[in-house]
Every structure is written in structure tokens, then in C-alpha cells.
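Go by the hints and put chains C, F and R onto chain E.
Order-wise, the sequence lines are chains E, C, F and R.
Residue numbers for the first sequence follow the UniProt record's numbering, beginning at 1 and rising by one.
Residue numbers for the second sequence follow the UniProt record's numbering, beginning at 1 and rising by one.
Residue numbers for the third sequence follow the UniProt record's numbering, beginning at 1 and rising by one.
Residue numbers for the fourth sequence follow the UniProt record's numbering, beginning at 1 and rising by one.
Among the clues, some could well be false.
[What the hints assert, rightly or not] Within a straight-line C-alpha distance of at most 16 Å, the following computed EDC-like cross-link-like pairs (lysine to aspartate or glutamate) qualify:
| # | chain 1 | residue 1 | chain 2 | residue 2 |
| --- | --- | --- | --- | --- |
| 1 | C | K276 | E | E176 |
| 2 | E | K276 | C | E176 |
| 3 | R | K276 | F | E176 |
| 4 | F | K276 | R | E176 |
| 5 | C | K49 | C | D62 |
Simulated from the structure, these hints should not be mistaken for laboratory data.
There are 4 protein chains.
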Amino acid sequence: MSRSSHPPVRMAMVGGGPGAFIGPVHRMAAELDARIQLVAGAFSRDTEKCRAAAALWDVAPDRAYADYRDMMRAEAARPDGAQLVAIVTPNHLHLPVAQAALEAGLHVISDKPATATLDEALELRRVVEGSGRLFGLTYTYTGYPMVREAREIVRRGDLGRIRKVVVEYSQGWLSEPIEQAGDNKQAGWRTDPTESGAGGCSGDIGVHAFNIAEFVSGLQVERVCADLSTVVPGRALDDDCNVLLRFQGDVPGVLVASQIAAGDRNGLRLRVYGEKGGLDWSHESPNTLTLNWLSAPTQTLHAGSGYLSDAAVAATRLPTGHPEGFIEAFGNIYRDFAEAIATGTRPDTVPGILAGVRGMAFIDRAILSSREGSTWVSLQEFAA
Amino acid sequence: MSRSSHPPVRMAMVGGGPGAFIGPVHRMAAELDARIQLVAGAFSRDTEKCRAAAALWDVAPDRAYADYRDMMRAEAARPDGAQLVAIVTPNHLHLPVAQAALEAGLHVISDKPATATLDEALELRRVVEGSGRLFGLTYTYTGYPMVREAREIVRRGDLGRIRKVVVEYSQGWLSEPIEQAGDNKQAGWRTDPTESGAGGCSGDIGVHAFNIAEFVSGLQVERVCADLSTVVPGRALDDDCNVLLRFQGDVPGVLVASQIAAGDRNGLRLRVYGEKGGLDWSHESPNTLTLNWLSAPTQTLHAGSGYLSDAAVAATRLPTGHPEGFIEAFGNIYRDFAEAIATGTRPDTVPGILAGVRGMAFIDRAILSSREGSTWVSLQEFAA
Amino acid sequence: MSRSSHPPVRMAMVGGGPGAFIGPVHRMAAELDARIQLVAGAFSRDTEKCRAAAALWDVAPDRAYADYRDMMRAEAARPDGAQLVAIVTPNHLHLPVAQAALEAGLHVISDKPATATLDEALELRRVVEGSGRLFGLTYTYTGYPMVREAREIVRRGDLGRIRKVVVEYSQGWLSEPIEQAGDNKQAGWRTDPTESGAGGCSGDIGVHAFNIAEFVSGLQVERVCADLSTVVPGRALDDDCNVLLRFQGDVPGVLVASQIAAGDRNGLRLRVYGEKGGLDWSHESPNTLTLNWLSAPTQTLHAGSGYLSDAAVAATRLPTGHPEGFIEAFGNIYRDFAEAIATGTRPDTVPGILAGVRGMAFIDRAILSSREGSTWVSLQEFAA
Amino acid sequence: MSRSSHPPVRMAMVGGGPGAFIGPVHRMAAELDARIQLVAGAFSRDTEKCRAAAALWDVAPDRAYADYRDMMRAEAARPDGAQLVAIVTPNHLHLPVAQAALEAGLHVISDKPATATLDEALELRRVVEGSGRLFGLTYTYTGYPMVREAREIVRRGDLGRIRKVVVEYSQGWLSEPIEQAGDNKQAGWRTDPTESGAGGCSGDIGVHAFNIAEFVSGLQVERVCADLSTVVPGRALDDDCNVLLRFQGDVPGVLVASQIAAGDRNGLRLRVYGEKGGLDWSHESPNTLTLNWLSAPTQTLHAGSGYLSDAAVAATRLPTGHPEGFIEAFGNIYRDFAEAIATGTRPDTVPGILAGVRGMAFIDRAILSSREGSTWVSLQEFAA
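Chain E with its partners taken away, still in its complex shape:
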């Protein structure tokens, strides 16, 4: 990997207090390569909890803010203030926090999806475009070296013209109505439309599947025909999504996502088929990428190998056979974003607001299609 010699980027975080899942991941990922330093945070609106998080992460007590607007103001005024804000809140806060940060002149990196609704995403696009600041989305899976290798393989034309895409994301953790007990913060907000937005499974993981399919195939989805369900009684949002896709060039595809696939863990898998062969990547074995060919042996590519593309090589820290995982993939997105801030050159590896709008369009249109009895609905007005 190439190493920057710039001093670390100073980062503030919004969200990530006690009980959070993704906040700590952002913290570890951001600091993994010593290119970013967490210096401030509005980790929780509860002052006590906010300070506890700061202590845990070695952030000075006076830079732990209960209100994110106060933080933007104070940090913007410091000579050593934060340059970058990481947003790790539930979805409904993505827009206001991002807007506040960008307006304070700070760069923004946000957890996905872009916002809670498609309208908010369109609004955020306007804000980002007018801000002169960088905006990135942590679609984690695009950070894996073998996902980046997969994209390079498609780009190079090794598979020939792409003819089919199958993507699935299968989880089982919402098989029971665990959000109804009230003590599961993660299940709680994800199944609550006031915090999550209109999408349940579609917005939490379906959008990851959608994004990785477009990221690797290089093709945009043009229309969807969706069958969303709420399988667990009493739940407000969808928890199971089965979607027919048509990509540019009328390429057929399927997206299958579920949070009630009992027993499944975090089963994201992408297959892209071309005229000459197909690629197959599974998140739970992230360090390999399988290529099947029409009339040659199957190939398994291993992360960390010298024969990989520059894009994949740049995204590993260890020799082959030394597993890297979710935090490292996340770290690649942060490292690339820090480099972008330092150099002003935005890398194509970090999804931005355009990918964010497309993700929200997917959620919105899949819900619409399903409500109308699985009709085909177009995404073309949101072409990136």
C-alpha cells in the first residue's frame, strides 16, 4: 500500500454512544492506519454517556459535546479543530447532521443509507454540491479488497459483456420481534419508521446489496419489480425483500434480502456473470474471490497476493493468508477518504452522494413496486 506523509486528519463523530454497534467500528476503522485521529464527539445527547464514550476513546473531556450543533461551532472555531465529521446516527439524523457539518465547512463521512427518505437524499445532494466539501458514504463492503478486485475484473473485460447479476443479503437476527422488548437499541431504531425511514430490511441491508451490485458490475439498475414482506407480526417495516432487477442493457438480475432468514448471520453474496465466466464473492469468507470459467479450471484469488490488481493490493495490510475483515474493509474507506481530504483528489473507491441518491431511490422504488403488486418501476430519473 502507498502511504501518505500528511499529518492525521482530525475527526469528530456524531453518534456512537453506549449501546451503539457501528460507532465503535467507525472509530477503530478511522484510526486503524494512523491517518485519522478522533479528537471530538457528540456521542450522545446524554451528557454523562457522551463523556463516558470520550473517556473510553481517549477524547479530551472538553471536546465531548452533548449537542452536535455546539460541536460544529466550537470545533470550527479551534485552530486544531476537527476537519471531518463522521455520522453514525440512525438514518433520520443523517441529513440535519450532514447539513450542519458541511455548512460549518467540515467534510462529512456518513453511515449508509444516505438519509431516511429519497426526498432527503435529493436535498442532501443539493447541500453537498453547494458545499465545496467532500462527502463519503461507508458502504462497508466496497472496502473489501476482493470486492475492489471484482470491480477491476469486470472493468478489464475479463468476463466479457455482463449478462446476469445475482445479489443476496441474508440475515436472521430479526426473526423474532426483539424490538418489542425495548432493550435492543439496534433492533429498535431499525424497525421504527421515525428513525429508520421508509425501508426496513430494504433500507438496512437491501441497499448494501444494491450498492455492491452496481459498484462491481459497473451497471446501473434501470427498473425493479419487488415483493417486500413484513413477516414478523406487529412490525411496521419490511423484513424480507425479493426483487427482480433489470440493469442497463436490459441485463437481468435478482436481489434477495432478508432479516428473517433464521440462522443466517451476515450473508452478503454477489455473483456477476459475463459471456466468458462469472465471479462469486461471499462476505463471510471475504478474503477470497472465485472465478468460474466456461472451459477452464475455477480460480480462487486470495487477498494479499501479488497477482492482484493495484486496487486490491492497495486495500490490504497483510501478506496473503493473514485474514483481514470488516474493520479493515471499513478502514480502507476511511484511509481513502483521508487521502482524498489531504490531497483533494477524490478516489473512485468511496461512494459519494450520487451513490447515496441511487440507494435511496432503490429503497423508495422497491417499496412503491411492492405496494402496487410487484409492477416494474423505473429508477432512470436517478441515473448517476
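Frame of chain E, contents of chains C, F and R only:
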């Protein structure tokens, strides 16, 4: 396994001459357990080829018939004549051959799908029901011990109520227009509507996926919303099928089948999810069955183990760790069918004409749905 | 595969009565390709049991013999008498039965190991060499297409000079003293030195591991340094074997075999490393062969593929993705042996008496080495 | 995981300059959980390189020392000086650096093996025992949650009495004499006895295999019978190791390690068999642990699951299905060590000097055994 002491059932075959794929499999499978003996055949309409096949399989020359109708007549008249006819021809001959055999008082075991069209299947149902003879379909995959185990697991309620079914069947061998060269008998008839019927990929392998999904889940598909494609230019029939399903009880499902998934071999995979866990079976590793649970370790069941159900134990010949495959699975169907002929007790392990009609209804309705722009189309009038 | 047009070879069997494991496998394997027909048998010394086996396998009652010597005599005298004898008894009968058959002018195919002791094997070699008849050993694993492919890969030099061999065969079924209950025929004779000979685990499965290592690597073991154990109290023979090997050219190797590896099924695995890469084959996934390379992606070869060697192609019956297993591998040995009988041209795919002597030498010398405190003991006087 | 509220431990590093492999891993692992902060370093004896590393890792320029003795002195004198020294140099420096650090009153965490020779390890043991400071060894693999789970499973007696251990560590990266080109720092020192000590493959990875086997089985190796080779011409140290083991209670075992297993990556695998079942862990799929049972389905345990032991739960940061890898495993050792420093309670998860001595005894005795023609050599005088 329990062993019958009945003498072997005498079998005649229609089809299976030089260049055939499935005919030789039927022969090996039928004779594997010494419960059936091939004694006659109309292997080919070409007399030379018919006799060559007979010689290869140790069938007496005078019982090699160029015309299957002659064979029915001659064998029915012999005291040691065939009791059973195996049909291994292209689909368009299934109905006339089956009808001739049944009318000659012979039992019939036929390759899938039941016929070339849904109308033919309904006609065949009438013939079978009036014949007093047994009719079985070699939906091969139902012969695998771990598929039978999967069905028992669902039946016992181990997974709780079933809530989702995902089935896929992915092949790549028709990625190129190999049928156009004229020398590939297998590709030729499968892509020719006059021999194959209305379904291409849907009829060749989609129907297998459909059948195994119903066989294991114990649920019938009530409606389909299909997106079929002909990806390879110049081909007359579909070669890629993506279908949304709704089973009884409004259970969602997805069926993905392809013959242009370049590099894939014979990737049939079934996942059935219930309230408590999910099962996962893949054809290319047929001797294991994986069970994932909401909050317990994943289990892998191995064929040949003592802890399996009677149904699975009866379907293996070897101790655990000794792989059995496609021929043995096929052999299980034949063995069960021979037992049925000997005892007059039809086992529930061999799909019959009702499953045959449902398969043809699936093909017919999926094509209809796709033509109408992926609307939902009902299968309920064909409930078994 | 190429098909012979010779009439089927007529076979008699010795052993294989009720309770047998390997006898039925031999029967299925022999008849799988219609190149051999079972016509007679001395299945059991108990007349009732012998006739029961004959009935089960469609052998005429008057050709079911309680005494194998009677059978040799009677069959040799018939114009349609057996041409080939399959020996599927415990080890201590291999020599006398083979001798009787060969002296009656019949070809012999025998289960492994060659005999009960090394001295017997040397005696059998003399008998075979003087008989003018063919003698084959069913070292099953050499029948797998991907094992034959592995041998071709080494022969072609794809891996460069061979530098290390690791072979293991891990079972757990003798973890408990199940032979002491008296009702397990398989465990009984295998742990009884009067029937099994001097080797327990070493003779039952260690010898398979030894044979496949030499078969694929093309190198003979020159010396062994063994540590054999009897782990289960009260057992007379070894049930765990760990052996250091040195092959020709001083190539290092390891052989690990166990029947007390609790929970393991039938875990034969072979790895052969050369200068440029290594091959890896595991019996429980027999239809793939993995090649790892110094600086190129890992390759997985799939049985039934067109890119394989002629040797592998000839050993499959089905297209890629259609699993074949233990019976089919066994069937390949029988098919090749039948072809040898028909044509008089012995194929190099079926191990003969020389491999038999080497196997017995391995057992004998490993036991000797272990008794002497794991000293190095030479096998060079038994070079093939 | 439980979180400490102590301020981060201040750490200095010796080694880890440009071209290093393991230094950067230590840095990432140490800082991963914000419980340790790198504040100083003697990264290289070359002042320029030392400062470059400091800049890269955000260490103040005045705390980058070209001489580690200067660093010990200067840091010990600062009120905010380092409390802990991480040693990431080649082996020959482990003893002098550790001694200097301990004598300066600093805790020490060192890469493995303990030292370059067994005598040095015994000397280091005396120094550690007299220092009143903590000493830990980063036997990385003991940091994996599923390795810790494996240890708990053995400790709880789930497998019954342990009866066999098979451990292997297979790499191919030294298949060619890459150390002779002079530009591969990693290959260079590992094959140079003046830096590496007496062991090549045995000291670099064999010792890892030895340590994990003892860590999980809870049994100490009592004697070894080794066959070490130098396969690549011109190399001074062993590059292939095959070792018979006997553990306490005369339990048999095998250790197979290689750096010339061409094509292999970082293939550490451990199998431990008891009376009731066996466990199987492979480093390249670190987040699962397989349990095979005598007469029950195979179980696969997944890291991050709620059903795991406290020891395994404490060693994961993410929900199940989110892969953690080598850096996180390393991080677990650092986190536990930081906790030990903060609380004065040494966790049993971090190997110390006793494990260090045992590792060096293994290397020393294996070399001795091999030189003497693979005789059994005792390790009992180094019992921990």
C-alpha cells in the same frame, strides 16, 4: 436399508441411444441395486444404433426394437416380457410413449418434465388415472438422502412454521449458442420448442428447482411473478429465469435458474427458513445438509450417519464419509419404484403425475407471467 | 469414456454375505457399466446365507456355493463359467482364495491389503507371476477421476520436482471398543489379528494412504519412522498411526492415520508439493482437485470437465457438476480390469501384486519401526 | 466485551521500521481498542528511517530514538514516559532489548519466539522473574476468539479425555531462495542464523504450531521425534519440519510445518481429538470452529455468537457474521495485556515467559532429535 426379496422387475427403455446423456444414467441407476433388470429397449429409431445400445448393455438383440409401439406389443405378449417402461426421450415423446406403455398394461417411469406442454400433462393425468398402473417421474434430486432428510426435518416441525424459500439452479453450459453447430444432441433438443416444449431453461432445470422446493417445504406454490429472458441471440426458448414465488400461507420465495450463468456447473441449491432456523442443501456437495439456528451452533448432517431419519438412512448404501452421488440418487428413485411395483404400495418418495402436472403448470404460468410483464399468475387450479 | 464392445466378463465372488460392507460395493461397482456380470458366488460358508445373497443379487441358486474351492472347480468346468473371481473376505483368506482361483485359471480381483502378512504377499507374488492370469487390487481411491488427474499432473511435471508429500486418513468409528460387543462384524475382524493380520489401523486404512501417496507422487517410500498406538484399551492391534516418511530422492513426507479420531468420517486427504505448486485432494469432496501455485491464483479442477486429462475424462460417466462417488470410483477399477481381461492389455490404473507387496511391506515395517522406538526402517528391498 | 476505564497505556516500540512486516501489525493491534497509545519508538537504527516511521504513526519526532538504550533511559525519566515496550525485532535482539526494558522498569511485550536460543530463553526467564514487571509473548493465534473457545471446550471436558493432537502450519513463501537476492528483509533475517537463531521453519512457524497445540489441548509435549529438512539448496536453516509428538499421558500427536509447501499461504490448522469428539480450527477461516462428534451432527461455532464461552465473547468486537482477522486477534493479546498492566491481574490468555521457554525448548530439541536421526528427545526438564 431394507431389502426386498422379490425377483428383479423387468424393464424396457425408450430412448437412450448413442449421444444420450440421461439414458445411460437411467440404466445404471435402475440396475444399481439388482432390483431391476433391463431386458428390452427402443433405444433409437435407427436400427443399427438401437442394436449397438443393446449390445453395450447386454440386452438380447431380438429385444432391441426400432419402434417403441412394436416393443410394447411384443413385450406385453411375452411371458418374461417387460413389466416397466422407462422413458428417456426428449419431452415431446413423453406423452405418446407413456400412453402406449400404460395402455399395454405396463408401469411407466419417465424423465421429467412430465410432458412438453401443460395440456399434455393434463391429458397424461387422465391416462394414468385410468390405467391402474404406476407412473413415476425421475425428479432426480428428490432421490438424494439429504433432500429426503430435509423434508423430514420440515415435516417434524424442527424449523417451526416455514417463512421463506429460496431455490436456485445455476448452469453455464448454454452460455454460447452451441445448439447452432448441430452436433450437440443435448443442446439441440433442449433449445428446440418442437422437442422440448414451451420451456427452455424453465422446463429443463427451473422445473427441478420448483419441484424440490415443494417437495422439501411441503408447501405448494400458489402464484408466480416471472422474468424470463433469452440471453443468447438466436435462441428460441428462455435461457434465464428469475421468478418471485408465493407459497401457501402467503410465504414468500424466489426461484433463480439459468443456463447462461457462465462457469457454473450444476448448481442446484435450496434454502428453507422457518421461525427457528433454516436448512441449506447444495447439489454439488450432496452428502451434507446444513442447519442454521437462531441461537445455537450450525449443524452439518452427514449422509450415512446413524442419527438421521429412517427416510435418509433408507436412501444410502454406504457408511458416512463414503460419497454417493447422482447415480445413487437416481437409483433410490428406481429402487423405491421397483419396491412399489413389487408390493403395490406406492412410496411417497417418488413424484407421480400430480407433481408432473404441477411442474408443467409452473413452466406454463411462468412463461405467461413473463410475457405479460411480470404479473402475478396463479397456479391454484392445479393444486395437488 | 471409451466403451468396449466385448460381452460382459462373468464374475464369481468370494465373501459378501449378510453383514458385509465391501461385498455389496464390489457387486454394484462391478456391474455398474454392464461390462461385468455376477454369475456365481461363495458369499458365505453358511449355506442359507449364501443362498440369500444369491437371491438378492439375482444369481442362480445352483451357482451359490458354500465352499469357495467347490466353486472354483464347478465354474472352471462350465462353458459359461466365471472368468474372474472377486475376493471380498477378511484379509487372512486373501492368499488361499486367490491361489485357488489362479490355479483354476481364473483372473482375480481382490480387496486390499494384498494379504494378512508380508510373507503371504511375497508368496502371492510368486503365485501370480506363475499363473499367467491377471491380478488386481481394489485400492478404491485410485479409481477416483481426480486422483488420476492428480497423477497426470505430477507426471507432466506441472508442479516441478516433488519436494513434500503429506497424506492422512482419519476415521473415528473405532473410538470406542465396539468390537467387544460381538455384533459388529466389520469392527470384529478388523481388530482381530487372526483375520486382519498384523496391522490394525495401519493395515485397514494406513495402507490406503500409503498406496495413494505413491500412486500420485510417482515416488516410492524408501524408509519409515513410525509411532503406532493402541489407544482404546483392550484392543489387540494399532488404532492410531503417525509415520515419518522419506521417499526416493530423500523427499520428506508424513502419513497420519487414525481410527480413533472421534467424529471423523472417512477423511483421506493427499497433498503433494513440488517446486512450483502443490495439489490437494480430499476424499469427502472427491470431485474437485485443488492446485495452489507459487504466484498465481489457486485452481480448482472439477470432475467431468473438458479440460482434464484423458485419464480423468475416461474415469467419469457424467457431465461436470453431477457428483460421482465411492461406487463409481470402485467401478472405474472394475471397468479397467474388465477391459484388461477382454483385451489382454493391462492398464496402469489398476494396482497389481507389486503394489500389494509394497503395501504389506509398509504395514510390516511401520510396525517394526514403532516397536523399536521409532527408528528409521527401510522398504528398499521391496522396490517395485 | 468488558471495557476498562483506565487511561491508555503508553507504549514504545523497538523495531518496526520501513520494510517491516510485523511492526505495523503490532502498532495497529496495540491501538485498535484505544487502550494503548504508541508514544515513542526505536524503529530503526538509521535515524532517517526511525523518524519516517514516527511521522507515519504520529509519534513526536523527539521521541523517535535511533538507539533503544537511549530510549529506555529517556522514557523512564519522563513523567509521561512509556510504560510498556513492544519488541518487534529479529530474534537475536529479543533478549537484550527485553533485558534493557525490564531493567528500566518497563513492562515488555515481545514477538515470538522468546529469544534466538534456548539458553537465552532461560536467561530471559531469570530476568523476567527478577524484574517485577509483566512479560508477554504475541503468539498471535492464541488471540483468536475461536482458539480461545477451543481451549474452553477442552477445559470443560466436552470432548472427554484428549487422545490425539494433529497440528500443521503450512506456508510456501520460501519455496525459492528469495533470501539470496538480498532485497527481501523478511526472508533475509529468517533464514540467517545470526539473526533468527538455530531454528528456521521450526523457529518461525513450527513454534506457533507447538504453542497453539499446548494452549488448546492443555497438555504439554513430553518428547519429540523430528525429521527436519533444508529443502532449498544453499539455505542455512531448516525449511521443512515433520515431528512426532507425545504429550502428557502418552497422548500421540503430529506437528507438520513447512515453508516450502509451494502455493500454501498461512495454513495453520489444529485438530484435537478426545473420547467423544474432535475439534478442528483452521487459521484461514478463523471465525469458525468445527466440532465433530461420535454420533451426532457436526457443529460449526461462529465467532460473535451468544452461545459461546465468556472467553470467546470477550475476544470479539462485532456481531456474528462480521469477519475479524489477524489484526483483531493480535489486538486481543494487546488488550488483555493492557488490562493486566492497568489492574495488575495477569490474564491467562497471554502467553508469558514459561510458554516462551517451552517454545525455545521445542525448537532446540526438535533440531537435536533430527540431527541424531529422529530419536525421541525429552522436553520434560522444561515443564511449565
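Taking the earlier hints as the rules, which of them does this structure contradict?
No numbers; nothing is violated.
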